[in-house]
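These protein sequence lines map, in sequence, to chains A and F.
Numbering-wise (the numbering used here), the first sequence opens with residue 1 and increments by one.
Numbering-wise (the numbering used here), the second sequence opens with residue 1 and increments by one.
Take these hints with a grain of salt, some might be off.
Only pairs whose alpha carbons sit at most 25 Å apart, straight line, appear in this in silico DSS-like list of lysine-lysine [to be verified]: (1) K116(F) / K10(A); (2) K250(A) / K129(A); (3) K217(F) / K130(A); (4) K116(F) / K365(A).
From the structure, some residues in chain A lie toward chain F, with a derived Cβ separation under 8 Å [what the hints assert, rightly or not]: (5) A13; (6) G37; (7) I44; (8) H46; (9) G52; (10) R101; (11) N102; (12) L258; (13) I270; (14) P273; (15) L359; (16) H363; (17) K366.
Think of the hints as simulated: they come from the structure by calculation, not from any bench.
No residue lacks a Cβ here, since even glycine has one placed at the ideal position from N, Cα and C.
Residues per chain, in single letters:
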Amino acid sequence: MSKPVQEKLKILADAAKYDVSCASSGSNRQNISKGIGSGVACGICHSFTQDGRCISLLKILMSNHCIYDCAYCINRKSNDRPRATFTVEELTSLTINFYRRNYIEGLFLSSGVVKNPDFTMERMMMVAKKLRLEENYNGYIHLKAIPGASEELIRQAGLYADRLSINIEIPTEQQLKKLAPEKDFKGVFVPMGLIRQGIIQNKEERRKFRKAPLFTPAGQSTQLIVGATPESDRQILMLASGLYGKQQLKRVYYSAYLPVNSYDQRLPAIEGPPLLRENRLYQSDWLMRFYKFQANEILNENQPFLDPDVDPKLAYALGNLHLYPVNVNTADYEMILRIPGVGVQSAQRIIMSRRHRKLNSMHLKKIGVVLKRAKYFITCNELPVYTKDLMPERLKHQILLESTNKRRNPLDTQLSLFAGFNQALPAAPKMLKP
Amino acid sequence: MITIKYDGTFEGFLTVVFECYNQKLEPGVILGEGRGQGVLFSESMFVETNLEKGNRVWNGIQKRLPQELNQLPYKLFLSELDDIEMKLFQFLQKLFDSEMDIENDFGDPNTLYLRKLGRKVNFEAMRMLQFVRFQKTRDNIYFATIQPQYDVIPLIINHFKSRFADQYWLIYDLKRDYGIYYDLDKVEEITLNKKQFHPLNGKVHKNILQEKEEEYKTLWKDYFQHINIKERKSLKVQRQHMPRRYWKFLPEVS
Ligand code: SF4
Numbered sequence: 001m002s003k004p005v006q007e008k009l010k011i012l013a014d015a016a017k018y019d020v021s022c023a024s025s026g027s028n029r030q031n032i033s034k035g036i037g038s039g040v041a042c043g044i045c046h047s048f049t050q051d052g053r054c055i056s057l058l059k060i061l062m063s064n065h066c067i068y069d070c071a072y073c074i075n076r077k078s079n080d081r082p083r084a085t086f087t088v089e090e091l092t093s094l095t096i097n098f099y100r101r102n103y104i105e106g107l108f109l110s111s112g113v114v115k116n117p118d119f120t121m122e123r124m125m126m127v128a129k130k131l132r133l134e135e136n137y138n139g140y141i142h143l144k145a146i147p148g149a150s151e152e153l154i155r156q157a158g159l160y161a162d163r164l165s166i167n168i169e170i171p172t173e174q175q176l177k178k179l180a181p182e183k184d185f186k187g188v189f190v191p192m193g194l195i196r197q198g199i200i201q202n203k204e205e206r207r208k209f210r211k212a213p214l215f216t217p218a219g220q221s222t223q224l225i226v227g228a229t230p231e232s233d234r235q236i237l238m239l240a241s242g243l244y245g246k247q248q249l250k251r252v253y254y255s256a257y258l259p260v261n262s263y264d265q266r267l268p269a270i271e272g273p274p275l276l277r278e279n280r281l282y283q284s285d286w287l288m289r290f291y292k293f294q295a296n297e298i299l300n301e302n303q304p305f306l307d308p309d310v311d312p313k314l315a316y317a318l319g320n321l322h323l324y325p326v327n328v329n330t331a332d333y334e335m336i337l338r339i340p341g342v343g344v345q346s347a348q349r350i351i352m353s354r355r356h357r358k359l360n361s362m363h364l365k366k367i368g369v370v371l372k373r374a375k376y377f378i379t380c381n382e383l384p385v386y387t388k389d390l391m392p393e394r395l396k397h398q399i400l401l402e403s404t405n406k407r408r409n410p411l412d413t414q415l416s417l418f419a420g421f422n423q424a425l426p427a428a429p430k431m432l433k434p
Numbered sequence: 001m002i003t004i005k006y007d008g009t010f011e012g013f014l015t016v017v018f019e020c021y022n023q024k025l026e027p028g029v030i031l032g033e034g035r036g037q038g039v040l041f042s043e044s045m046f047v048e049t050n051l052e053k054g055n056r057v058w059n060g061i062q063k064r065l066p067q068e069l070n071q072l073p074y075k076l077f078l079s080e081l082d083d084i085e086m087k088l089f090q091f092l093q094k095l096f097d098s099e100m101d102i103e104n105d106f107g108d109p110n111t112l113y114l115r116k117l118g119r120k121v122n123f124e125a126m127r128m129l130q131f132v133r134f135q136k137t138r139d140n141i142y143f144a145t146i147q148p149q150y151d152v153i154p155l156i157i158n159h160f161k162s163r164f165a166d167q168y169w170l171i172y173d174l175k176r177d178y179g180i181y182y183d184l185d186k187v188e189e190i191t192l193n194k195k196q197f198h199p200l201n202g203k204v205h206k207n208i209l210q211e212k213e214e215e216y217k218t219l220w221k222d223y224f225q226h227i228n229i230k231e232r233k234s235l236k237v238q239r240q241h242m243p244r245r246y247w248k249f250l251p252e253v254s
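Looking at chain A on its own, in the form it has when it is part of the complex:
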């Protein structure tokens, strides 16, 4: 009756691949009791598929059977597809054996809804529990919480998982109802609230007793599908900003809608996924998380969509020319971060180096500033000021002319994974330890 593991693996990897949130960062789980595995705070990518995406976790569905019929989902009940379900044992064995060979950082388990939400959530929780308690496994575990699962099961899942997530998928409730009639925002936001509460409570407990068990130490994340419904970029960014703020989410992922069920009339007819739009949203997300931008600074009421021609930071600069040029030798860090062509690392280097000497354009270039872009927005000792007499539209035109079409690719975001790398290295050269 049951298919061989290899068959299941193919079917359930296929079914899982549209979920983009493959990050394993944020957990520093120690290897206790000499078992197997540890988390590295920055996350590690172990391979890259032909689409250029990182494989960090064994991202897989427990089952692609589903009782629901969401319009945007390839696993919806009304699709005629090969279906499979892993047993708890099969999943733990696959995870452990891949992990021991250094293929993966851990497990990212999601599932279609088999029978009912509780039945599904319980099995997923069992996989995590078995890995932790029987296999002595301390690697990363990310579980998708199933909307509608009971509070108790979600609490238990949180005890064994590093991260829990619930996908919002569709940015407004009205549209969600249209595409996924069996779902509503309550089914998503109630468990999200529960997990948040659990995390806050757990932090309290661990302050008092250091030995209190962990509860989803890497926090929660969610995913939004972009382009299946008519929401504007501004609506999406405002939602994301609320999720980072009030809901204290660690990551929001944006997934360009892939027309998997093009027969469904409720969905827009598009040729391919809106990848450029997805990229611009990720760039904006970065501005919010690392460049101290507010959502409404990136897009305001008069401007609901991101400019496809230029990245959102350049767009901001062009829309706020009165704030420029920035003097790199005197401006504060926040403002230096807002210079197009200056990344977080260059900004920090500028702040540190200018204590030693006045910086000129040669220094900036060596430090890693993209002068071709930055030159319009800075003054340092000798650079002529370009912006003074140019109108935003002309300036934009000029910058676009100068930049070859080396568009930065959507996966640049992954480079951040290396940011916290030092922690993985030893404290001192072996021979020199006293």
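Add chain F with the ligand to chain A, keeping to what the hints say.
Chain F with the ligand in isolation, oriented as in the chain A frame:
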């Protein structure tokens, strides 16, 4: 200006630094045994490695560098680049002679060069954490071969030791012909005289591997194929993150 020779170890190099200060030497070239080319006809002396002197220099470095950079000189040394000793020496001179945080003076060409090189060494170590692939042998050892650009094995020991604490493992550097072996208790540096693998590509003969090994490799390859989204094909990005020179060690692409 004289040429100073030493045994090629990091401790030896630190001893050289010590002697330069102690005897007020002005080196033109610092030359480790087996590291780089000598300069003919120049006056040269040999400095004997002395752990105590080396340690004094190391402790001095530790006092002056902030915590997140305190391994930098060691990492730079592991780059094995020609002339790295002189560049490092000049950096250390500044470090010892100045009251300022000279390590952050990115306007200084030598400092900038070394800070960037430090990142490259870090990056290469990171790539080992990413791309090491173990194969389980019949003796229950998880075995992997590597060929890193820089000599990063010392930088990855702790990671592998704490992550794979309950399995025997061996990671072997084909280029430098040495490896590290973990026996469930401690990690040791070893050199294999009789090699059961191809000296260039590290391929292990099937009959020293466990039966199940091929099965897991196949499962992993299948997973790799099926998690890919064809509509988003982007080979350039793939190669940018996973350069070709690592591929021969990766079952999913070789
Ligand atoms: S509940 Fe999930 S798996 Fe089922 S159809 Fe909806 S999105 Fe797909």
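Each hint, compared with the structure:
no.: 1; hint: K116(F) / K10(A); verdict: violated, 42 Å
no.: 2; hint: K250(A) / K129(A); verdict: holds, 23 Å
no.: 3; hint: K217(F) / K130(A); verdict: holds, 24 Å
no.: 4; hint: K116(F) / K365(A); verdict: holds, 13 Å
no.: 5; hint: A13; verdict: holds, 4 Å
no.: 6; hint: G37; verdict: holds, 6 Å
no.: 7; hint: I44; verdict: holds, 5 Å
no.: 8; hint: H46; verdict: holds, 6 Å
no.: 9; hint: G52; verdict: holds, 3 Å
no.: 10; hint: R101; verdict: holds, 5 Å
no.: 11; hint: N102; verdict: holds, 5 Å
no.: 12; hint: L258; verdict: holds, 6 Å
no.: 13; hint: I270; verdict: violated, 12 Å
no.: 14; hint: P273; verdict: holds, 7 Å
no.: 15; hint: L359; verdict: holds, 6 Å
no.: 16; hint: H363; verdict: holds, 5 Å
no.: 17; hint: K366; verdict: holds, 6 Å
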